[in-house]
Amino acid sequence: MFNSFELKNFGPIHHLKSENLGHINLIIGGNGTGKTILLKALYSAIRTLEDYRRGNEPRNASEILAEKLYWTFETEKIGDLVSKGADEPLFFKLNFDGREFCYGFGKDTTKIIQTLENHVPPRSSNSIFLPTKEVLSLYHIILESRELSKTFGFDDTYLDLARALRQPLKGGKNYQRFAASRKNLNEILDGKVEYDEKAGRWQFKKGNQKFPIGVTAEGIKKISILDTLLGNRYLDPDSVIFIDEPESALHPAAISKFLDIIAMLAECGIQFFMASHSYFVIKKLFLIAQQKSNLSIPIISAEDDHWVTENLREGLPDNSIIDESIQLYKEEVELALQ
Amino acid sequence: MTTEPIVESGMTFGPYPERCCFYIEKSKTYQKIKKDGVKIAEFLLLRSQDEPKVWIIEAKTGTPHPGNQPTFNDFIGEIREKFANTLILSIATCLKRHPTCEELPNFFKRLDLKEVSFRLVLVIKGHPEDWLPQLQDTLQKALKPTVKTWGLHSSSVVVLNEAMAKEKGLILM
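The listed protein sequences correspond, in order, to chains G and S.
Numbered per my numbering, the first sequence spans residues 1 to 338.
Numbered per my numbering, the second sequence spans residues 1 to 173.
By construction, these hints were calculated from the structure, which means they are not laboratory data.
Treat the hints with caution; some may be incorrect.
Residues of chain G placed beyond 10 angstroms of chain S at every Cβ, according to the derived structure [what the hints assert, rightly or not]:
| id | residue |
| --- | --- |
| 1 | Arg53 |
| 2 | Glu67 |
| 3 | Ser325 |
Computed, partial: chain S to chain G, Cβ under 7 angstroms [stated by the list, open to error]:
| id | residue |
| --- | --- |
| 4 | Lys96 |
| 5 | Leu111 |
| 6 | Glu115 |
| 7 | Ser155 |
| 8 | Lys168 |
| 9 | Leu172 |
Every value quoted in this text rests on a predicted model; they were computed, and no experiment measured them.
Yeah, the Cβ is synthetic: ideal placement off N, Cα and C, and Gly gets one too.
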């Protein structure tokens with residue numbers, strides 16, 4: 001798992017160093033602070049480590065990373081990722097299972113990363129990024145636009161997810177904890193999403209009834225994706241899952257259940273990084289941190305131009321999401337007692 | 001002339017202009033019915049006479065943690081009962097349904113009950129600010145039948161901590 005990371009001059013993030021990461025890590029901050037960029041930076045790095053030396057992969061880590069950054073951030077040249085006006089180059093470092101991986105490049109870099117150091121051994125596990133938009137109804141469009149047309153539009157987080165979903169479901173004995181999580185996921189779903197090979201499309205199956213994916217609720221599709229990745233064994237206990245806005249398309253009650261399942265999976269070994277704006281996400285994770293003594297939940301928050309890492313186990317830190325709920329409450333008091 | 005300060009739950013409310021405060025919990029009217037198990041809030045405060053607003057004040061030293069069930073539900077149930085009873089008793093007294101109704105301060109006697117706006121205000125000593133929004137939401141939900149049946153303003157139920165009660169002029173010292 002990620003033990004720590006450090007970013008310097010990475011897009012809007014001038015400096016962020018976070019240590020003592022947990023199995024669930026929450027990232028919060030206002031719009032434009034760089035939450036999604038942080039998730040994508042971590043994702044690009046771990047996917048580089050996972051592709052490196054896998055099978056007959058001929059590329060070195062530097063080549064894999066450059067391509068991953070290009071297709072994940074969809075910039076004309078990767079040097080565009082360096083903070084505007086920064087005097088120094090972009091720098092990224094992570095510690096994974098006690099081993100370091102770091103790289104750096106300047107603003108004129110097009111595709112060759114000069115500085116890269118890797119001490120992390122090759123990984124057989126897969127990590128995944130769940131973006132805010134669901135992919136099931138866009139499945140063919142994503143694959144076509146990236147694999148045939150090779151055009152920008154759906155970045156690598158979408159392509160990798162569509163490819164991961166393409167793997168068929170596997171029977172047999174599932175990881176026991178995954179089986180319990182899938183059972184809970186199915187309770188929320190009240191059905192399951194399946195790929196119809198004949199028709200060549202995804203559909204939602206409830207009992208004996210089948211519904212086109214286009215008329216299936218967004219929240220159902222979102223939860224189904226996680227269920228499918230657990231069912232086809234794309235994910236294993238050493239995977240890392242990045243979720244951008246887990247709250248999107250989910251009712252607060254479903255957010256709560258979804259996060260309970262995430263806590264179960266985290267206890268099983270999977271590491272999560274989530275970026276959120278939601279009052280319900282932060283509150284629920286705070287409660288999980290209080291209830292589960294074995295789960296440390298760091299909260300990495302952007303305030304103005306600096307980042308702070310605290311732990312939800314120690315309490316709910318001051319943050320703009322809770323502040324806004326208090327502000328709304330105060331406005332209501334003003335209205336009532338004016 | 002002002003009333004004596006009212007000390008409840010470790011907080012000192014007032015003093016307020018004499019004819020604007022009715023310490024209903026200590027009133028003769030309430031003392032007569034208290035033995036029948038009627039629970040009520042502490043006092044009434046008339047905040048404005050042009051557009052009459054009556055705040056019904058209940059004070060508490062703290063709240064049980066929302067995770068501590070059923071104590072938290074019991075707490076909410078008790079506050080709901082006190083506010084509902086106080087609203088009814090206040091109106092019944094203004095309507096002179098009790099022989100002790102003369103104890104009402106003059107401004108209250110002259111209230112146009114059709115026009116008066118009520119607020120049900122819970123003041124909790126030392127309550128963390130970030131717990132207040134959820135507590136207010138919970139209490140608003142519990143008192144919804146009262147708010148709806150009496151045709152009160154939809155934001156009639158308010159929860160304050162001591163600091164906010166000072167800001168709102170309830171606690172003066």
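Each hint tested on the structure:
no. : hint   : in the structure
1   : Arg53  : 49 angstroms, holds
2   : Glu67  : 45 angstroms, holds
3   : Ser325 : 5 angstroms, violated
4   : Lys96  : 29 angstroms, violated
5   : Leu111 : 18 angstroms, violated
6   : Glu115 : 17 angstroms, violated
7   : Ser155 : 4 angstroms, holds
8   : Lys168 : 6 angstroms, holds
9   : Leu172 : 16 angstroms, violated
In terms of the numbered hints stated before, the structure departs from hints 3, 4, 5, 6, 9, listed from lowest to highest.
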